[in-house]
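All chains should be built: construct the whole structure from the sequences, respecting the hints.
Each number in the numbering used here corresponds to the 1-based position in the sequence shown with 142 added.
Hint data in this document are derived by calculation from the structure and do not stem from the laboratory.
Careful: at least some of the hints might be erroneous.
Result set (DMTMM-like, lysine to aspartate or glutamate): computed pairs, CA atoms no more than 20 Å apart in a straight line [claimed, not checked]: (1) 256 <-> 214; (2) 270 <-> 210; (3) 262 <-> 214; (4) 233 <-> 245; (5) 270 <-> 252.
Quick list of simulated restraints, FRET-style, between CB atoms [to be verified]: (6) 203 <-> 182: 14 to 22 Å; (7) 199 <-> 234: 40 to 48 Å; (8) 267 <-> 225: 41 to 49 Å.
All values derive from a computational prediction rather than experimental measurement.
Positions of the beta carbon are idealized from the N, C-alpha and C atoms, including for glycine.
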Amino acid sequence: MTRIASLALAAACAAMSLPAAAQFAKPEDSIKYRQSALFVMGQHFSRLGAMANGRAPYDAAAAAANAEVVADMAKLPWAGFGPGAEGGKAKPEIWKEDAKFKERQQKLIEETGKLVTAAKAGNLDALKAQFGPTAASCKACHDSFRNQ
Numbered sequence: 143m144t145r146i147a148s149l150a151l152a153a154a155c156a157a158m159s160l161p162a163a164a165q166f167a168k169p170e171d172s173i174k175y176r177q178s179a180l181f182v183m184g185q186h187f188s189r190l191g192a193m194a195n196g197r198a199p200y201d202a203a204a205a206a207a208n209a210e211v212v213a214d215m216a217k218l219p220w221a222g223f224g225p226g227a228e229g230g231k232a233k234p235e236i237w238k239e240d241a242k243f244k245e246r247q248q249k250l251i252e253e254t255g256k257l258v259t260a261a262k263a264g265n266l267d268a269l270k271a272q273f274g275p276t277a278a279s280c281k282a283c284h285d286s287f288r289n290q
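Dropping the structure here:
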């Protein structure tokens, strides 16, 4: 490997290891980022909820597609909760109870993964069975870490 390529690789690795907050030019940008990711996730989750609760006709393909978006989006907002990114609807407890917050993040990611599996099963009963636990993981985090 040439010296220039080695330096470029080292710089790229160093940049990727920076704290998440360093990814945003201003604290407001991190707040907008996390709120946007959670908004998109909520929109797709509500479509699943409408099917699970009988407010919309069940469509297996749409359920699977929406569940995949929910699971993908569930991985994104956490970068927007770095040091100095306080504000929005986030309670200060996020920055005081880091272990509990990370536990809730992981639970949401796990439950949304199960939601994808249930949605891909292609039947409404599987979707209904997993919708509740996934919604409960959202609620648990909101109850502890979100101002209403």
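Verification of the supplied hints:
1. Between the alpha carbons of residue 256 and residue 214 the distance comes to roughly 12 Å, so the proposed pair stays at or under 20 Å and holds.
2. A distance of roughly 16 Å separates the Cα atoms of residue 270 and residue 210; the hinted pair therefore holds under the 20 Å criterion.
3. A hinted pair counts as satisfied when its Cα atoms are at most 20 Å apart, and residue 262 with residue 214 qualifies at roughly 15 Å.
4. Of the supplied pair hints, the one linking residue 233 and residue 245 holds, its CA atoms being roughly 16 Å apart against a limit of 20 Å.
5. For the hint pairing residue 270 with residue 252, the CA-to-CA distance comes to about 17 Å; that is within 20 Å, so the pair holds.
6. Here the CB-CB span from residue 203 to residue 182 is close to 19 Å, well matched to the stated 14 to 22 Å.
7. Taking 40 to 48 Å as the suggested C-beta distance range, the pair residue 199 and residue 234 conforms, at roughly 43 Å.
8. Range check, residue 267 to residue 225: Cβ separation about 44 Å, and the 41 to 49 Å hint holds.
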